[in-house]
Amino acid sequence: MSKIIEKQALTQQAEPSGKMIEQIGVNGNSIENPLIRVSNDFSFWYGKAQVLFDLNLDIPNRKVTALIGPSGCGKSTLLRCFNRMNDLIEGIHHTGDISINNQSIFDTSLEIISLRKKVGMVFQKYNPFPKSIYENVVFSLRVSGRNKKSLLDETVERSLKRAALWDEVKDRLHDSALSLSGGQMQRLCIARAVANDPEVILMDEPCSALDPIATGKIEELIVELKENYTIVIVTHNMQQATRISDRTAFFYLGKLIEYNDTKTLFTNPEEQQTEDYVTGRFG
Amino acid sequence: MSHLEAEYSEFKNKLLLMASHAETMMVSAINSVIKRDEDLAEETKKMDSNIDRLEMELDNLGVNILSQAPLARDLRLITSGMKISSDLERIGDESTTIARRSSKLAADPRAIIPVNIERMGKIVGKMLAKSLSAFVSGDTDSAKNIITKDKEVDALNKEIRTDLILAIKQNPNSTESNLNIIFIAKSLERIGDHSKNIARDAVFLFEAKDIRHPNLSK
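Here the protein sequences line up with chains W and C, keeping their order. Start counting at 1 in the first sequence, then tack on 1393, and there's your number in my numbering. Start counting at 1 in the second sequence, then tack on 513, and there's your number in my numbering.
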């Protein structure tokens, strides 16, 4: 047998070393002019259970940032911190800070309603209200007392166009939202989030309940939406993160392991744990 | 071992087997020239089909793995592995060319094999062995050294060609045998180029750095 084959045995012994990983990559948690800044070792507890540990990261304006990691790593908890959705849970507390546009979201002078207008959210399972397509989009405007028909009409058209749904539903705006397909319902939820003209749209596994065609449409939409909005998306789909995100943060057991531009993180990760996770060797 | 890891392992093993065949074939080809061994030349030509078959199997396996969207080092292994397989297949073809020319030289008792051919064969053989070793062991410093060795091979090829063109002019009866030697030198020079490509791919695999065109790097 040739020398090459003999050498293989040597490699198999040497291979697990992190040698090739050590030299590479700039693990940039900080960036210039971020829209969202998680700082001062942000940590978060549900009662006595600490789920996020000492986080510091900057999320850029008008880019797509993906949060990845195995179940229970805290990525959805962090996402829900950005619009203080976790406030609805009893016994939570945090240390450190999160700011959007240099204003702390925990500032006592900040109204939570205005924060949630600024930071919209799209959930894993599409959740349209049992109302018409039109009423779903204008729901938040009506809640805030804005009922002028021209304003509502203009918002519906603009939001549905931004959610790439207008052409499919413009002739049946007053049909029930529940008559739409799954992918269309999810885009309606995005239109509903867009109607408030937020700065940030949070997405918690928005495609996990959709087929590949509907997923493709949502992914296209996310890439278009970043022209106007900052998107933070939680996904378990590594390939989805590579397709749509500009930066990716990898979490494990509540800690930020690596945060970098997406291409670097998925082709040449700096940390062995990231390498193992993205190649499917644990998680 | 998971299903996916088994596929990576099969891919690596086939690539190593192909590398082993290519290295053996190249060494046999040049030995057949130096020793004027017609039997060895014939034997060498027969080896090429093994390399061709492995190239097709590796392509098939690589496409299958790529359809599962590998990432990080796995992605680099498959992309660089498929390129290396293509280089190894070309090394097989060049070795066949050398063996074919070697058969003709062995049948011509008047042919004189220049010492530079043996020297060139040794350098190219080391380049190939080291490039494959770098791919296996991750010794990227050694891989980078191979790239500089290629210039030496290019210079030898040029020297052989110049000398033999002069020899042809001086003795037109030697045209056929000297042309065969010129083609052997050219094939060795090409094997040097393919070894250099393999070394570059080894650097990409282990360091995630593209060193093909340093002038174009940012």
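Since the hints were derived computationally from the structure, they do not count as laboratory data. This one's a predicted model, so the numbers in the text were calculated from it and none came from an experiment. Hints should not be assumed to be uniformly reliable.
20 Å max Cα-Cα, derived EDC-like pairs, lysine to aspartate or glutamate [as the list claims (entries may be wrong)]:
id	chain 1	residue 1	chain 2	residue 2
1	C	617	C	555
2	W	1456	W	1425
3	W	1648	W	1620
4	C	617	C	552
5	C	722	W	1425
6	C	699	C	723
7	W	1656	C	550
8	W	1656	C	720
9	W	1554	W	1568
10	W	1511	W	1654
11	C	525	W	1669
12	C	548	C	665
13	W	1456	W	1639
14	C	635	C	723
15	C	722	W	1654
**Request:** Would you check the hint for residue 1456 of chain W and residue 1639 of chain W, treating anything up to 20 Å between C-alpha atoms as holding?
**Result:** holds (6 Å)
**Message:** Check the hint pairing residue 722 of chain C with residue 1654 of chain W against an upper bound of 20 Å on the C-alpha distance.
**Reply:** Measuring from Cα to Cα gives roughly 16 Å; hence the hint holds.
**Message:** Can you confirm whether the C-alpha distance between residue 1554 of chain W and residue 1568 of chain W stays at or below 20 Å?
**Reply:** Satisfied, since the Cα-Cα distance of roughly 17 Å is no more than 20 Å.
**Message:** Check the hint pairing residue 699 of chain C with residue 723 of chain C against an upper bound of 20 Å on the C-alpha distance.
**Reply:** Roughly 27 Å between the alpha carbons, so the hint for residue 699 of chain C and residue 723 of chain C is violated.
**Message:** Between the alpha carbons of residue 525 of chain C and residue 1669 of chain W, is the straight-line distance 20 Å or under?
**Reply:** holds (19 Å)
**Item:** Pair hint outcome, residue 1656 of chain W versus residue 550 of chain C [Cα-Cα no greater than 20 Å]
**Value:** Cα-Cα ~53 Å, so violated.
**Request:** Could you grab the alpha-carbon distance between residue 617 of chain C and residue 555 of chain C and see if it respects the 20 Å cut-off?
**Result:** holds (11 Å)
**Message:** Just to be careful, I want the Cα atoms of residue 1648 of chain W and residue 1620 of chain W compared with a cutoff of 20 Å; is the pair within it?
**Reply:** violated (30 Å)
**Prompt:** Keeping to a limit of 20 Å between CA atoms, is the pair of residue 1456 of chain W and residue 1425 of chain W held or broken?
**Reply:** At roughly 13 Å apart (the allowed maximum being 20 Å), residue 1425 of chain W and residue 1456 of chain W satisfy the hint.
**Request:** Would you mind confirming whether the straight-line C-alpha gap from residue 722 of chain C to residue 1425 of chain W stays at or under 20 Å?
**Result:** Violated - the C-alpha atoms of residue 1425 of chain W and residue 722 of chain C are around 26 Å apart, more than 20 Å.
**Message:** Checking one constraint from the list: CA of residue 1511 of chain W to CA of residue 1654 of chain W, max 20 Å. Satisfied?
**Reply:** violated (25 Å)
**Message:** Just to be careful, I want the Cα atoms of residue 1656 of chain W and residue 720 of chain C compared with a cutoff of 20 Å; is the pair within it?
**Reply:** Within the cut-off at roughly 15 Å; holds.
Violation of the numbered hints given earlier is confined to hints 3, 5, 6, 7, 10, 12 and 14; the remaining hints are satisfied by the structure.
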